[in-house]
Structure formats: structure tokens, C-alpha cells
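Single-letter residue listing:
Protein chains: 2
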Amino acid sequence: MKGFSRRATVDEAISWIDQMTLPDVREELVALDHLAGRVLARDIISQVNVPGFDRAMMDGYAVRANDTAGASTYNPLPLEIVGEILPGQPFDGELQPGQAVRIMTGAPMPTGADAVLPVEKTESDNHRVLVMDSLPEQKHIGASGEDIRVGECVLAAGRRIRPQDIGVLSSIGLAQLPVFARPRTRIVITGNELLPSGTRPAGYRIADANGPMLAALVERDGGNVVNRELIPDTPEAILAAMQDDVDVVLVSGGSSVGIEDYAPQLLAQHGELAFHGIAMRPSSPSGMGTMGNRTVFLLPGNPVSCLCSYDFFAGRALRRLAGLPLAWPYRQQRLRLKRKIVSQVGRVDYARVRVADSQAEPIAVAGASRLSSTTRADGFVIIPTDSEGYPPQTEVDVYLYDNT
Amino acid sequence: MKGFSRRATVDEAISWIDQMTLPDVREELVALDHLAGRVLARDIISQVNVPGFDRAMMDGYAVRANDTAGASTYNPLPLEIVGEILPGQPFDGELQPGQAVRIMTGAPMPTGADAVLPVEKTESDNHRVLVMDSLPEQKHIGASGEDIRVGECVLAAGRRIRPQDIGVLSSIGLAQLPVFARPRTRIVITGNELLPSGTRPAGYRIADANGPMLAALVERDGGNVVNRELIPDTPEAILAAMQDDVDVVLVSGGSSVGIEDYAPQLLAQHGELAFHGIAMRPSSPSGMGTMGNRTVFLLPGNPVSCLCSYDFFAGRALRRLAGLPLAWPYRQQRLRLKRKIVSQVGRVDYARVRVADSQAEPIAVAGASRLSSTTRADGFVIIPTDSEGYPPQTEVDVYLYDNT
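Residue numbers (the numbering used here), protein chains in the order written: chain A, 1 to 404; chain B, 405 to 808.
Source of the hints: derived by calculation from the structure; they are not laboratory data.
A virtual CB, placed ideally from N, CA and C, is assigned to each residue, including glycine.
Be aware that a few hints might be false.
From the structure, some residues in chain A lie toward chain B, with a derived Cβ separation under 8 Å [unchecked claim]: (1) A36; (2) I166; (3) P303; (4) L307.
All chains should be modelled from the sequences, with the hints used to inform the complete structure.
Structure (C-alpha cells):
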């Protein structure tokens, strides 16, 4: 057993992720109802005008603007009511001078009419309406194409779909949209001491915490967990898992340099082990590489290290594959430190902090095994590789775990 | 046809929502794998210690600290290796003075041992290990309960579940957790001119934009859309929809004071119409009330008004029922206005803005029918009821549509 011969820097590992070859085809068609949060893979060009016809923007009367010239409360002008138009219904024939048609908001303007007289500005009986105000042409008309025009790009490739985007896409008649496929991800949990997640710990065995945590993280970052299981700590089982037909493999546990840490050796033998050992704390025993078309991340079994390593590396890779922004999906807040944080030059530190009274208080923790340190914390601070830490009252960027 | 006799203020409507009677029972058990983003309905108390036993925190040798007293590289002390402990496996028997047991990180400490000698600080053959350093008691041991203790509240009621929370809940052996039930929501789309969402508009009919937009908004705010359909613009169909067995009914369209606007009248006759007409723009023809145990929101059919009304009122009610924070799920940013925004005293305005060069530029729009104004916008600014608007360069709070 030996230590890491050389630890890569966090920046080196991140550069590798940002330069990974992306698959050629990675889009799929998704129905409107499942589109929220997905990322468009292509520009969306409208094939239709919205609205597709001139329409009334007020309840009132479709008229010829000319017929209203000179009208006022002192000089009401009568028009003959020749019909009624509801939304969705056309008006047969053409409006003649001296005529008006009762019209509802959203209904199509009849041929010949070029303004809408709001109902509040009229008096009427069943046959006649008195115009009390003159109108310019096009008044209270929504013109065809005023919302969206044929040929217009309504949403560009790379757009993360918002609820109102779905409304707009629906209004141009699209039922399915091309979005980036969610990277197929396999989560491999090793550790013979582990019981399946949600099992009450018994004897000297503990319940798997990393599996369900990683699954939630992968979903957050746009991935699709196609397989997640505990596997035996054997080279055969680990290699088979790393050769699964997926885009990304996350291996939790056995990522260090011990004799039973098979995953790094297997990745080096059967694929490419790009990095093994990163100058950071926690998560130093992290690794990554490729096997065939798969990107493989080796995550430490200690839960805090696993979370931290995922967030620095695997999550970024997933977001890149999913077309999402590369930056952490954590809100940032600039706060003063309540107590000092000590680090070492030459490594990146991930320090959990609690936020109270607009201050960030580092959580005292020993080691990377206490996952509860990340649930007691409100967020974390990154201490860069060239820093020895920060004295109290330093202003730091806090990444908040809760993004709402 | 008449206008609203009196418009309620936005604040009155929000107070009504914040004081709605909540259902007595509104929790359900949800499995770990579906817990992300859900809200705990109860405090979660651990029934177990995590870890449940003292364990090694390093790869090395379990020893009696006493046996290492005086050891150094100049005075290496030999211990007899009497076995090996892997994670999840107990050690039979008790460690005697002069003995050491090979131990892996995470493995349970054998009886009699009280420190772990890191493998890097030793030399060994198959039978003996040479101790080169003295150790205090408990060195490199993770004590039982150091992460979580029996009886400890690990996560409190009201917590929105994060990925690492799922890990912690798994580690204490829980497979299902009590969370707030997602409010069952029915979305009712009225408008005889409408075609189903995603249908290409034809003739004088337009595709429903509000239905799929509202569905995505409801899901975002923790609701569960149990039914969403276009219904005929008849009092019978609208009343039946408002009497569905759900928690929240959203009715889009027919919410104003026209003769074909049945929903407000029906709500007044068969339930309680708490508000109808709100002093705001857009969305003035909004209403809300109750019918039996259901909360009913009447949303304008114009898409921008529908979005705005949903966000001000229905979304807040859903978040309250779902146990989520009441505040808008939009990130806020303080920016200067590039151009003025004009409003009127006496109403709240919802102004869409584009963000560029760290400035918020109001989007020129006429009316509330152009949904694309909300997809071209990056967010919105609220102009309160007592303001006539803002001159250029005013610092305003922008709510960003994209929360990532």
C-alpha cells in the first residue's frame, strides 16, 4: 500500500471535464408536458403566425374607423348591428359602411372592419349602436403575427425550458421538441459492509447513504439514473459495471490506493485513468477517466467526500452532457466568516458552514465520514489552492445547499 | 356587461391566501428515491447511532495505545499481527497486549483495541508490525454515534429535502418518510376557440397555451396535476369541474365580467367568491374563492395575465399547501432600470424586463396577449400600488424567471 504518487489539481481535473469529447447525437424528442427544465437542442422556428388572424382586443363592436369620424357624446353616430362574432368563429361576408358587428375579445375581425369600439363607449339597442367617440384605424386590434411571426426563432438552442416557454411552444402548434438527452448514468456502490439504502443498520453493517444521495444529485444535474445497485467488492463485478451501456458511470467506494481498491486499477487497465488522487480535502482519493464511450468517476466511499467529489467533477460532467450551465446549481451569497478557516497551500478545501445573523460559521468536523455535517450546514466555502485559509470577518462566497 | 364594482388590492388577496384554512391531514409516506425536493411533515428522530460501533478511520492496525508508548523510528516496537478486519466484519476475541490487528477504514474496532496505527507509520512482515510512533487513546477511531446519536432530531419538519438529506435518512435506516402531500390540482381550460395544446393553429382557432404552462407551474410549486382538460364554455361543465375531488382548482378563461364569464357567478352561487377583480395590471380580471374544501382560482385567459395571476395568487396557495416557502421561487437581483417604467397609483404592475449589461430594460408591450413577452424577458419588476413608476437608473428588484 502506498500513497498517491502525485495529486492532480482541481483545475486540471475540471479542464479535463470541460474538454471531454461529447457524443455526436444526444438529442431526443420530448412532449410538451415533460419539457420543464429540459434543454433545447435546436433553435425553434415558428411555422405559423400567432395570432394567425387580426383579432379584437376588447369586447365591443367591430367597425370601420371611418364611420366613427366626428362621433362624440354630443354627436352620437348610429351604426346598424349586423351580427355577432365569438372567439373561434368567422364572420361571413364583409362589413359595409354604416354597419357594426358585436365582437368579443379574441374573436377574429370581420373583413372590412378596421377598429374595435369598446362596449363601454357605446349605447345600444338590439339593432343599433351609438358611437360616442372617434377611433383611429387598427384601434384595439391585435394584428396577425404581433406575438410571433412565421420564420421567427422563438427559443434558441441551449434554452432551459421555463413554464411560459411551454405555453409559447404550444401556441405555435408544437407537441414535441428536440432536447438534449439526459445522460444515462449508472451508479455503482461498492463496500461489502453496506446494506441497501433505507435498511436499518445492524451489527457491523451500515446502510448505503451514497446511492440514494447520488441518485438525487444526478437527477438534479439532468442525468437519468438507469441502474443503481450495490455490487460485491470484486474486480469482476466492478469491471462489468464499468462496461455497462451508459454515458456516465459513478463508482462509489474503493477509489483509493489500497489493495482492495480495484476500480482505479481496472480503469487504468481497460480504459484510461485520466486522474487518480486530487489535491483537495475532502475527496482526495477521487479518480476519473474513460472506458469506451463512457466517462467514469471514482468517488470516495466516505459520504462527505462522495458528495464533494461528485459536486466538483461528476456533476459538472453530467451538466455538460445535459446541456445545462456548468456552474454549480447553488445560489451564492457573500458573507463574513464568523470564525477562521484553516487550509493548506497546495490543496483546495471544501468547508461546510452554517449561516446565521448574516455570518458564515464554519462547522467543526473531523474527517469526511460525518454526512450530517452537510445537513447541519447551510452551504460551503471553497478555499483555493493558493490560500492558507481565512481569518475571522473575511468576506467569502458561500454556496448555499438550498437553492429555493 | 359592466366593469368590476370594486377591485381588491393585491395585498388583500395575498392575506386571504395566507390565512386559508389548511386541511387537517395532508401528509403521505414517500420512499427515499422520490424524496428530493419534498417537504418533511414531521421531525425525524434517529432510532440508531451512526456509526453503530467504534470504527477505524484509517487503513492500518488496531492496537492498544499503551503498547505504542515510547515508540519512534529510533525505537520501533514490534507487535504481533493476529488477524485482519474488513469493513462489515467483526473480530472474534479480544486484542491482548503486544498484539495488533490489520484493519481497513470503516471496519469495526476489535474489543481491547483503542487506537489505529496508520499503515504509513509502520513497517511489517506477515507476522509482525513495527510501531514507529506513539499514539494517544482513540486516535483514528470514529466513535459510535459521532455522526448521529439515538434520539437526535436529524431533520426538522418543514425541511425541503436535499440530496445529502436523503443520504442521512438512509443511514439511519429509514426507507419512507412523512412529507406534505402534493396538493391535488385540477386545471380547467375554457374557451371554445381553443385547440388542445400542441395542436397546430388552424382557421380562427388557437392552440391552448395556458394548460401546459400552468401544469409546469403547478409542478414547480409542489402541486400534483390530477386532471387537465379543455372543457366547453358552459355553466354545467365549469361547475362540474369546480366540484371535482381535488384541493385546488385553476380555471383559465372566462374570469371577467362578460355575459359568458360563468366561473365567477358559479363560484359565488355554489361556493364563496372571496375576490373578483384585483387592482393590478395585467391580471385585473382574476378571482378566487372556495367551493367546499377546494380553493378555486379564476385566471384570465390571456396568457400573460394567466401567468401573472397564477404567480401572484395560485402559486402561493399551492406552495403553502405543499409546505414550501411562500416567497416566489425566483432569484432576485438588484439592478438599475435602463428606461423608465410608468404605472398608476392604485394598482400593482408586473413589468417584464430584459437583463443586459447589468441593467434591466423594460420590454415594450401592448396588452396581455403576447406570451412571447415573457419568454423574451429575463424576469420582471413589480411596481407597488402607491407608485407611479420609476425613472431611468432607478435601482429595482428584478425577479429572474430562470432560477439556475
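Verification of the hints:
no. : hint : in the structure
1   : A36  : holds (4 Å)
2   : I166 : holds (5 Å)
3   : P303 : holds (6 Å)
4   : L307 : holds (6 Å)
Checked against the numbered hints listed earlier, the structure breaks none of them; every hint is satisfied.
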